[in-house]
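S.K.: One letter stands for each residue in the lines below.
Number of protein chains: 2
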Amino acid sequence: MNDSIISHKDLHEFAFQIFLKIGCPKEQASIATTALLRADLRGIDSHGVARLSGYVRLWEAKRINSKPDIKIVHESPSTAVVDGDAGLGLVVAPRAMEIAIAKAKIAGTGWVAVKNSNHFGIAGHHAMMALPHDMIGMAMTNASPLVAPTFSVERLLGTNPIAVAIPADTQPPFVADFATTTAANGKLEILQRKEQDAPVGWIQKKDGSVSTNPNELKDGGALIPLGSDREHGSHKGFCLGAWVDIFSAVLSGANYGPWVPPFVSFLAPPADPVGEGIGHFFGAMRIDAFRPADDFKKHMDNWIARLRSAKTVDDEEKLIIPGDPERESEEERIKSGIPINGKVLDDLKEVATKFSIQF
Amino acid sequence: MNDSIISHKDLHEFAFQIFLKIGCPKEQASIATTALLRADLRGIDSHGVARLSGYVRLWEAKRINSKPDIKIVHESPSTAVVDGDAGLGLVVAPRAMEIAIAKAKIAGTGWVAVKNSNHFGIAGHHAMMALPHDMIGMAMTNASPLVAPTFSVERLLGTNPIAVAIPADTQPPFVADFATTTAANGKLEILQRKEQDAPVGWIQKKDGSVSTNPNELKDGGALIPLGSDREHGSHKGFCLGAWVDIFSAVLSGANYGPWVPPFVSFLAPPADPVGEGIGHFFGAMRIDAFRPADDFKKHMDNWIARLRSAKTVDDEEKLIIPGDPERESEEERIKSGIPINGKVLDDLKEVATKFSIQF
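Chains as they are written, first to last, in our numbering: chain A, 763 to 1121; chain B, 763 to 1121.
Excised from the complex, chain A in its bound form (with noise of 0.2 Å):
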């Protein structure tokens, strides 16, 4: 198929279909659309209806449970761990994330960490979610193993990424989501597709030498923490990642490092595992636990007002602040639809086909 656009309402409920023909109950199959919809809204197209086929290949597969019983099974005032009980992590994560959010409102802060869960979506949705509350929001997630160390040949992180949300006055909010690599898998597909070489410093061969080649996944390559090589801080990349990992997994019981489940049907999960599922972890800090909300969000409004007007090298590029593309995209696809690349479509109406709904 060619390139179309198609309505958000349009996808939105599609997507909604197909969540309840897996067994959703409605409302999870509610939130798991909006999750998986604001990807495709704010221009991350990897983790959007892209996935969609993929998630109902993992339910077919039995690695993804559809009526989940989600439960804290541990807790403290300020924290939680949650059982996925191998949920969509579409819905996982939304309610730890209101769990995280109950727990600030009580004790200022909320932190939990998720096992047993599965792909969430992108991270900003999680973290987002605190923002009306006058909150700090932060999600991260381990991911499959894709990401070699510094030194490492071996694949033993996934990309890991972290969103960070905090709320301003009259200011868009500051939304920072970020893979701890150079570049996040979503790139190389991107390059995949135009058939372009990656730039050196994104990707290595299975031997660890240096590759521009976006299809070296598949060779046994691997991606490289954010930094690049070891003389630009590529340990610091290493750092960021591992923490995560530990922080979403070792915390909460979920497998960690080379030990994460694959997102794809067509690869098994580890036969030894060291936990439940993948883990995620989430926090939400109540700003008037810290100074008066008012008070923050007049001074957010500073900072952003002043990182903006940064005199730049080139008056053609300003200084982005963090959420900015992103909101600027969900502004304009909620007007104008989503475009959605042919290869995708053929594979959503190879879902629709599946399920017997119009697409």
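The set of hints was computed from the structure by calculation and includes no laboratory data. A couple of the hints might just be wrong.
Since the list gives no way to pick one copy over another, a pair counts as held whenever it fits inside one copy or between any two copies.
[As the list claims (entries may be wrong)] Quick list of in silico lysine to any residue cross-link-like pairs, SDA-like style, CA-CA up to 20 Å:
#, residue 1, residue 2
1, 1073, 982
2, 1116, 815
3, 1116, 1027
4, 1111, 822
5, 771, 1092
6, 968, 1080
Quantities reported herein were computed from a predicted structural model and do not represent experimental measurements.
Since the structure of chain A is already known, use the hints to place chain B on it.
M.R.: Chain B only, in chain A's frame:
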């Protein structure tokens, strides 16, 4: 003077005497000395006694208060804001970390934002205070603006380091401690002494163009966020530095961004402060607020052992677990003494003469 090796005991006693001479109460002088010397022991020479004369000059300029009344000005069950009363960061930070640990004992986690403080030495020292309590420790601080965010020619953030310390069982703890720039300022100082060029990607000229001159900062140049350039993710390094700045200063009421006062007495603080002093942020998370500490620590052992055994590109170059090099340095230097650079030694002699202390 030539470079020399001085015993840890002698160097400790010397620094302690200096802190007493500038008026620190005995207990605070002892806390400051331990924090300062920890940097020398752990091989982070730029943050140890090399800074002692700078602290003295800031005290002479009345920008450091040697008898601070450090107090909590706002709190919730899991949070506090601490006013450092313009004290040495070396004294204020351990006090704030103690408060975070005390909060974590009751609420599961403790998070302390600090305003009105000064340079706090190495972040890792404070984060590691959590380890004997079976807690995860975190420490971050903002710093004088030397970093140009992606696309900016203006210096708008500091090197804003993050430290995370995580206990294990039989393995040594995981201790990450890194500036959120490609390279820390200390690394430039080493190149300056050796009269060597810096790699491309560490620094930029005043106009934002590429530089390899390690003295570029003196001519209005800037350090670069982790990632080196946009294509290799420097916007992610910027997100990290921004996050540290906001948690440390906007949450606490300290100065942020370009308003952070310089660490040297010959540069005046900005005339239009937006807060008080510099800011820090600390966290302590009780492991057993998530899962039994023994379970967690056994899995950390497994995590560390598996990564340490990674197949590497070169058999001589093993994967480095965060904290390994610093711990090895500490063990070695406690035994064999601390190498002190000739220029630093001259500086310390001058301080000794000023206060009529034997050195």
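S.K.: With identical chains, the pair residue 1116 and residue 815 could be close in the same copy or across copies; at 20 Å between alpha carbons, which is it: within, between, both, or neither?
M.R.: within (10 Å within a copy, 74 Å between copies)
S.K.: Checking residue 1111 and residue 822: alpha-carbon separation at most 20 Å within a copy, between copies, both or neither?
M.R.: Intra 17 Å, inter 74 Å, cutoff 20 Å: intra-copy only.
S.K.: Given identical chains, is residue 968 near residue 1080, meaning Cα to Cα at most 20 Å, within a copy, between copies, both, or neither?
M.R.: Between copies, since 17 Å is at most 20 Å while 38 Å is not.
S.K.: With identical chains treated as interchangeable, where does the CA-CA distance between residue 771 and residue 1092 reach 20 Å or less: within a copy, between copies, both, or neither?
M.R.: within (13 Å within a copy, 60 Å between copies)
S.K.: When no copy is named, should residue 1116 and residue 1027 be tagged within, between, both, or neither for a Cα gap of at most 20 Å?
M.R.: within (17 Å within a copy, 72 Å between copies)
S.K.: Given identical chains, is residue 1073 near residue 982, meaning Cα to Cα at most 20 Å, within a copy, between copies, both, or neither?
M.R.: between (43 Å within a copy, 14 Å between copies)
Violated hints: none; the structure is consistent with every hint.
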